[in-house]
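S.K.: Read off the chains here:
There are 2 protein chains.
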Amino acid sequence: MKVALIGLGSVGRGVATMIAKKDLGLTITGIADSKTGLIDSNGIGITEVLAAKRTTGKCGDPGITAPDVIKKADYDALVEVTPTDALSGEPATGYMKTALNRKKHVVTSNKGPVALHYKELRALAEKKGVAFRYEATVAGAIPIMHTLEHGLAGNEILALYGVLNGTCNFILTRMADEGLTYEQALMEAREMGYAEADPTYDVQGIDAAIKLVILANTIWGNGMKLADVDRTGIDLLTADALRLAEEGGCTIRLIAEANPKKNLFRVSPRIIGKTHPLVTEGTLNALTLETDMAKEITLIGRGAGSVETASAIIGDLLFIRDCHVQRA
Amino acid sequence: MKVALIGLGSVGRGVATMIAKKDLGLTITGIADSKTGLIDSNGIGITEVLAAKRTTGKCGDPGITAPDVIKKADYDALVEVTPTDALSGEPATGYMKTALNRKKHVVTSNKGPVALHYKELRALAEKKGVAFRYEATVAGAIPIMHTLEHGLAGNEILALYGVLNGTCNFILTRMADEGLTYEQALMEAREMGYAEADPTYDVQGIDAAIKLVILANTIWGNGMKLADVDRTGIDLLTADALRLAEEGGCTIRLIAEANPKKNLFRVSPRIIGKTHPLVTEGTLNALTLETDMAKEITLIGRGAGSVETASAIIGDLLFIRDCHVQRA
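Read top to bottom, the protein sequences are chains A and B.
Quick note: the first sequence uses numbering that gives the first Met the number 0, first residue 0, plus one each step.
Quick note: the second sequence uses numbering that gives the first Met the number 0, first residue 0, plus one each step.
Hints are computed from structural coordinates only; laboratory data are not their basis.
Remember, predicted model here, so these are calculated numbers, not experimental data.
Which copy is meant is left open, so a pair is good if it fits within one copy or across any two.
Straight-line alpha carbon distances no greater than 27 angstroms define the calculated DSS-like cross-link-like pairs of lysine-lysine that follow:
#1 294 <-> 273
#2 260 <-> 21
#3 260 <-> 20
#4 21 <-> 294
#5 96 <-> 224
#6 20 <-> 294
#7 261 <-> 21
#8 21 <-> 118
#9 70 <-> 52
#10 52 <-> 20
#11 261 <-> 20
#12 294 <-> 52
#13 1 <-> 71
The following block holds chain A by itself, in its conformation from the complex:
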């Protein structure tokens, strides 16, 4: 199976490294970062490209752009892992549409396009008879979409509750364990590389809400948008609040929850028993699905990381190779 890889940040490098390292039957025939690109229908030498990227900051030819690769390269599946733009979803949405119109499968880790244009992208993929997969957009390495699609096939998903932002979980864990203030824990998260210089997106629950939107659209097809999510961040939480929760055998976590029957779509700090499966330490993500047959199923794992996210991308590619392609 031939793959075009667009984006060579942390996730893209993880995908390229794993494809080069493992014998998965995947060949990269087109690659692009924000400034340069390469096309070779016989397969690109990934090790050399990654070395060039490390030393020069460029992966290929300045005369070849990402749109060139998407329009001209010979590939079966586009892996779109450029930085997310949560407001416009561009240029990633345009990239994906171009590939889908060429009847190429699309696999992405890009939350913006999926949260903003799910219905349109899904419909276009179906019309063209190709796959549109986005396991990596929610909770990194945790195979949530595969679980919804196959593991729990036949179940009605009644509700879900999740810890979908590792940065907030780290901050809350440190506030609880060490009695730190929010500001102290945030500073520590920045030092560890878990929080951006501007942490708004994470600590105000926007990132978790975007993931909730993606899950809700996937499960219930309800056209949910970011503005439909009630949202409270963790930035006003005090060390006292954590201490009080701890004294009652509980702790506080930023929980994203959806329950369509109650018309409840919310991201907010919640007091939760310390032995609850959703209470995990550090940057872990966790999701509980409430279903009619299987009852509660909880999944816990890494929500971010280069190779961890590559695991989700590669899982999608192999699923397309093994199940979708033969079906056509």
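Based on these hints, arrange chain B on the given structure of chain A.
M.R.: Below, chain B without anything else, positioned relative to chain A:
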């Protein structure tokens, strides 16, 4: 898709009830309990059969046996959910072979045949171009096999640790929470219907070891047998041991673990931090998979129950319908 259902105990009734209740495109064309059977290629009226089973203890015609249904009915997939025989795997193994030889898919919750004859059944299914699926054999409703097969496709599974026996988890939870002795907690488990009159199979770790064998064969194809598992039960644990663990912020769980690089295949009571994801309450099951890309992924859910186990069976049937059949 036409289904033959063999076995009308708790799991079989759950499967039949859910197929009748939900519009899944599944039709039961053959059904048998231990004494009677029914065959109708136009579809059997499940509601009536379940009512008859409740009132008379029989599902059909005493002139029709399970082998008759398997050999003669018109079906695409056999659902084999008769009681497990961990020593011989019979008569279930024979039932499955008959169906596979007829080029029928097989879905089972029956641990004995899978633990004893995995390689042979898998090879026969492959030779005949049909599916052999057994999600329900390990950890009930938790979609472990789907996760291994697709969600974590491309990952190397390095090791696994699991709480795979709900009876033991219930007993240990009650000993820890209430300071009960093993005998007191076992009695409570019996009263709740979580333990058999003879609890040997559960409390000596045999059930968990059988599930470990199934997982090991699935993941590593290493021909593991029950006798290869180092096994210690929970029946000699004292209330003191639990209390000491609790004082150190830990608890005790019966952990099934496999690590082929260390040649470690073991079921034993282990001291474990109370905030570890594997520590769940009551009869829940949990499994952590240690992988090269996704790192640790933990799945938690119901390990038993009529409808919960039916969820796994139906997930397998729908996977065959959506992915396997089209591939052929």
